[in-house]
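Enquirer: Protein chains in written order, with the numbering used here: chain A, 1 to 434; chain B, 435 to 771; chain C, 772 to 1105.
In case anyone wonders, no lab produced these hints; they're calculated from the structure.
Please note that the accuracy of each hint is not assured.
Claimed, not checked - Within a straight-line C-alpha distance of at most 16 Å, the following computed EDC-like cross-link-like pairs (lysine to aspartate or glutamate) qualify:
| no. | chain 1 | residue 1 | chain 2 | residue 2 |
| --- | --- | --- | --- | --- |
| 1 | C | K1085 | C | E808 |
| 2 | A | K210 | A | D417 |
| 3 | C | K917 | C | D1010 |
| 4 | B | K707 | B | E749 |
| 5 | A | K43 | A | D11 |
| 6 | B | K623 | B | E451 |
| 7 | C | K913 | B | D494 |
| 8 | A | K62 | A | D38 |
| 9 | C | K888 | C | D839 |
| 10 | A | K62 | A | E40 |
| 11 | B | K621 | B | E451 |
| 12 | C | K870 | C | D859 |
| 13 | A | K43 | C | D1029 |
| 14 | C | K946 | B | D494 |
| 15 | C | K946 | B | D498 |
| 16 | C | K888 | B | E551 |
| 17 | C | K1036 | A | E47 |
| 18 | A | K186 | A | E209 |
| 19 | C | K1036 | A | E49 |
| 20 | B | K637 | B | D687 |
| 21 | C | K913 | C | D1010 |
Bear in mind that the values here come from a model prediction, so they are computed numbers and not experimental data.
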Amino acid sequence: MPVEVILPKVDMDMSHGTLATWHVAEGETVVQGAALFDIETDKAAMEVEAPATGRLHAISAKPGDKVAVGTVIALIYADGEAVDLPAGPAHALPEAAVAVAAELPAVAPVAAVAPTAGLRATPAARAAARGAGLALEAFTGTGPQGRIQRDDVTALLGAPAEPPTPLRMPAVWSPQDGPLQFSHRKGAGIPIVLIHGFTADSQSWAPLEKALGPDRALIRIDLPGHGRSPRRRVRDFADLARMMTEAFDEATRPFEAVHLLGHSLGAALVLATADIRARRVASLSLIAPAGLGPEIDADTLTGIARATRTESLAPWLRRLTATPDAISDDYARAAMKQRSDPALRAAQADMAEALFPDGVQAFDLRPALSRLRMPACVIWGRQDHILPYRQLLAADGEVAIHLLTGAGHVPQIECPDRVARIVARSLAAAEAPV
Amino acid sequence: MNAMTPESALRTLTYAEAIREAMALAMEADPTVILMGEDIGVYGGAFQVTLDLVDRFGPDRVMDTPISELGGAGVAVGAALTGLKPIFEFQFSDFAMLAMEQIVNQAAKLRYMLGGEASVPVVFRLPSGSGTGAAAQHSQSIEAWFGHVPGLKVLQPSTPEDAKGMLLAALADPDPVMLFEHKLLYKTKGHVPAGHYLTPIGKAVVRRTGTDLTIVAGAIMLHRALEAADRLAADGIDAEVIDLRSIRPIDRDTILASVRKTGRLMVVYEGVKAFGVGAEISAMVAESDAFDFLDAPILRLGAADAPVPYNPDLERASVPQVDTIEAAARRLARREV
Amino acid sequence: MTAPDNRPFAIRTYAPEALREALRRMYLIRRFEEGAEDSYTRGLIHGTMHLSIGQEASAMATCMELTDDDKITSTHRGHGHCIAKGADVGRMFAEFFGKETGYCHGRGGSMHIADVKTGNLGANGIVGGGLPIAVGAALSAKRLGKSDVTICFFGDGANNEGAFHESLNMASIWKLPVIFVCENNQYGMSTSIRQSTAVARISDRAASYAMPGVTVDGNDFSAVAEAVHHAIARARAGDGPSLVENITYRWRGHSKSDRNRYRTKDEIEEWMTRDPIARFQGELIAHGILDEGGANAIAAAAVAGMEAGIAFAKASPSPAVSDVTRYVYAEALG
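Please construct the entire structure, taking both the sequences and the accompanying hints into account.
Expert: Structure follows, in structure tokens:
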């Protein structure tokens, strides 16, 4: 077998070399270790020694040829060895035929996006405009150097811009377990079970309790993630109603029957509980009940749920009442103090997301309302910005309706005496012998 | 066992004590854990972090090394490669530069170079940061240097609880971990749970929720950012403050979620501003889907483009302080940038 | 009274079978490196490589008494150490070819060749990089109560690195079971030992660190084996480290980019007459350990082993490009 003479790799980054000159001609004798040919690389010229002793044949690269490393450019035959040259073209491939392995894949041209030349806008503003299908030229920038910011877009559109993907509160709370907590005020008569609204707690009943007088037995239940109840995860209204039924059973175990009184989300739970435990409920009092229509001011609910300071909480609180003055700074400060735990706020925000997705009440208690057979009254403020009382007018049910002019979403705080009078009458009617 | 029991639910330790407790717990539980470093024995370490550990575990496990950072770090690497779990203390993080070869060329790359056939479970502890008047060669914050090195994990606790949990997590981790401890935090106190627990590596934590802007910070800068956020709150600016905790790997999800919510991002770090942690976080946000939520340019607050100076006024001015963080955040929240 | 045994140390100390195996591995090292060089010139291996042809006795004699529990740290010129410690040349070739079946799954190449299972903690691309690591491995052995020793191979160039001095000092103050084996092939790349090093012998450095230092003819298998034998005994006895300097010569250039401008052809040829393999084979034959036929069989087996190794490497799959970040961490980062 002849010994192959190859164009050697002599440098790290070398893929090709140029043959400079042969020191031995075709057919001549070479001695192992003697200079055989010179090559040039990008960096240097160097002499290549003969790998064996014998006669040189089959030279396939001439001076000036650029040859890939590893290419056989000649053969050395031992003395006496038959020279059996392979047929066909020379071994060395011209440069053009050498595959260039390192070539990068072609980059596909990116679809041209018409630039809005010269306009400064933040990414959020651009996204909002894009979402509304409007060109940036439609907006006037009020930011530095006339930059269009998100507010500039949303102000013109008159609605909060839809973010490209749903906003989520960061998961800064971990769900807890355990039963809902309740408190018991000893007293006479059939007890009233009080269920507060979203973001409130049992203490919010204080004005009404005072107005109702000290005699009546009371049972106050805290919603999950509110007051002293554990921060349980609420998947939907049915989930919440199940928790409340369990708490109701536990809290009312010593009593044959109870009155139910609830506010807003609490009133919706009163309806749901009365639907399930009808025989144990003497009467219902519903203050601004949720669940009677899709509409709700979810901004206020989430605004309250997320507020981290008195300053950001107060404006939302003031939307609860008919007149903003009804919420004093001291009240807002006290309310914020009770909301200082970020985990509680996050849990409540997630609860709002579960119950009022996309700003809509995702549960409907109108069928439950129509099934009520025990005495029931509804108390609603005409100036309620959160849940409009007109929802009730479209519902069917054997309930007494009390609409209060000058009251908003929290009549039990705005005018507790009026509410107490109505409740007392309702209880008396229910307790009167038939 | 020592006489630290019974522990109440609200036991309080300093950051240095928390680290020491973590090392003691690990050494009690695992005889392969050793400590190495300069003057960590009877001297107790330059910052007294190892204090009495040599009395408890003996000089064979609490080894004073010669002043040989390169060799010492390399011995720790070799020991980690062959069955020990060394915790190597650099007296100052600045001295890690003498050992860059062993940290970057060896510890970080051995697993990869050997095709996964070896582990280097070494922990390097690096007292770091300015504010001590120690000037240019004893005050640097070079966390980002190591953030550039695949194969390393880079942690930066800001509380005593995390300092303990991160050291234990670093020891439990099969890869080399750089634990940057801030010198100004050593004496700060906080709640530290008793017993063994791990602070997850690669997880940031929201220390304050807010809606108006996101501030990402770590170590001493976290505390300054939280103080600035309290001041901003008085003016109705609601900052969300994220404790970065882990520089490599970085918690992309927590940062992006916050930016999507607030639309404004500021990164505060003690290293030199250019080419630092802030650059990485800014670019990460700019490359992500959170870009479309940005309603203002991203701001970085880092150290001045100078070595840490000696003069106290200059030193203070060279790194972000509560005032500068507050002012920058205010401008960002008020749409002035 | 019997006559003193004047045979060379290796002949009178090791079993004939062990000596023949040592010769076989030396041939395998030579053929492996020639095969690697040939594959490189054909463009089958990229990067570069540092050949130890001419230094085989130093590698093999040093590893003569080691078990798989004993560790070595190696150098950029580490193919010989790897084979001497018991590695499989097929997996070594596969690594050189960048294949998934290689010792480092194609992530390391020639300069990081390792075989942790046989105690080879790896070649090292940094001059002096392995010195502190070897001390650390010896610290582990001592701390864990094992009798293992660590051999730390390094070249003459590393003796001027700070890591060398720090490592010898720490090994000495802690009396660690490590043997520093300097393969002095007289050139750090192109810079000769005379130009670079203040002391006449690198073993003179040992005195500074209060350990024994000895210089031997690195091409004399028996001389190397004897020096390392005493150093290992000292290490296993708990008496601490030693420094052994093997004077040798690399026939090839520093790397594949070397133009050999710093040494003469005469010098190279003069050293080639001191071929450590021929010399060791001659000794084995002279002392009746081996005959000509046996020697030829060993040499032929080495060629066959080399060819089989290359065939295995060529046929092996490359790593998936999508796995480029695999092995950076113990678990993939989320």
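Enquirer: Is K62 (chain A) within 16 Å of E40 (chain A), Cα to Cα?
Expert: holds (13 Å)
Enquirer: Holds or violated: K623 (chain B) and E451 (chain B), Cα atoms, limit 16 Å.
Expert: Roughly 9 Å separates the two Cα atoms, so the pair holds.
Enquirer: Tell me if the straight-line CA distance from K43 (chain A) to D11 (chain A) falls inside 16 Å.
Expert: Roughly 9 Å separates the two Cα atoms, so the pair holds.
Enquirer: Just to be careful, I want the Cα atoms of K946 (chain C) and D498 (chain B) compared with a cutoff of 16 Å; is the pair within it?
Expert: OK: K946 (chain C) and D498 (chain B) at ~15 Å, within 16 Å.
Enquirer: Going straight from one Cα to the other, do K888 (chain C) and D839 (chain C) come out at no more than 16 Å?
Expert: holds (7 Å)
Enquirer: For K210 (chain A) and D417 (chain A), compute the direct alpha-carbon distance and say whether it is at most 16 Å.
Expert: This hinted pair holds, its Cα atoms lying about 9 Å apart.
Enquirer: Within 16 Å, alpha carbon to alpha carbon, are K186 (chain A) and E209 (chain A)?
Expert: Holds, at roughly 13 Å.
Enquirer: Just to be careful, I want the Cα atoms of K917 (chain C) and D1010 (chain C) compared with a cutoff of 16 Å; is the pair within it?
Expert: Roughly 14 Å between the alpha carbons, so the hint for K917 (chain C) and D1010 (chain C) holds.
Enquirer: Can you confirm whether the C-alpha distance between K621 (chain B) and E451 (chain B) stays at or below 16 Å?
Expert: holds (8 Å)
Enquirer: Would you check the hint for K637 (chain B) and D687 (chain B), treating anything up to 16 Å between C-alpha atoms as holding?
Expert: holds (9 Å)
Enquirer: Are the Cα atoms of K913 (chain C) and D494 (chain B) separated by 16 Å or less?
Expert: holds (10 Å)
Enquirer: Given the hinted pair K707 (chain B) and E749 (chain B), is their Cα-Cα distance within 16 Å?
Expert: holds (15 Å)
Consistency with the previously given hints is maintained throughout, with no hint failing.
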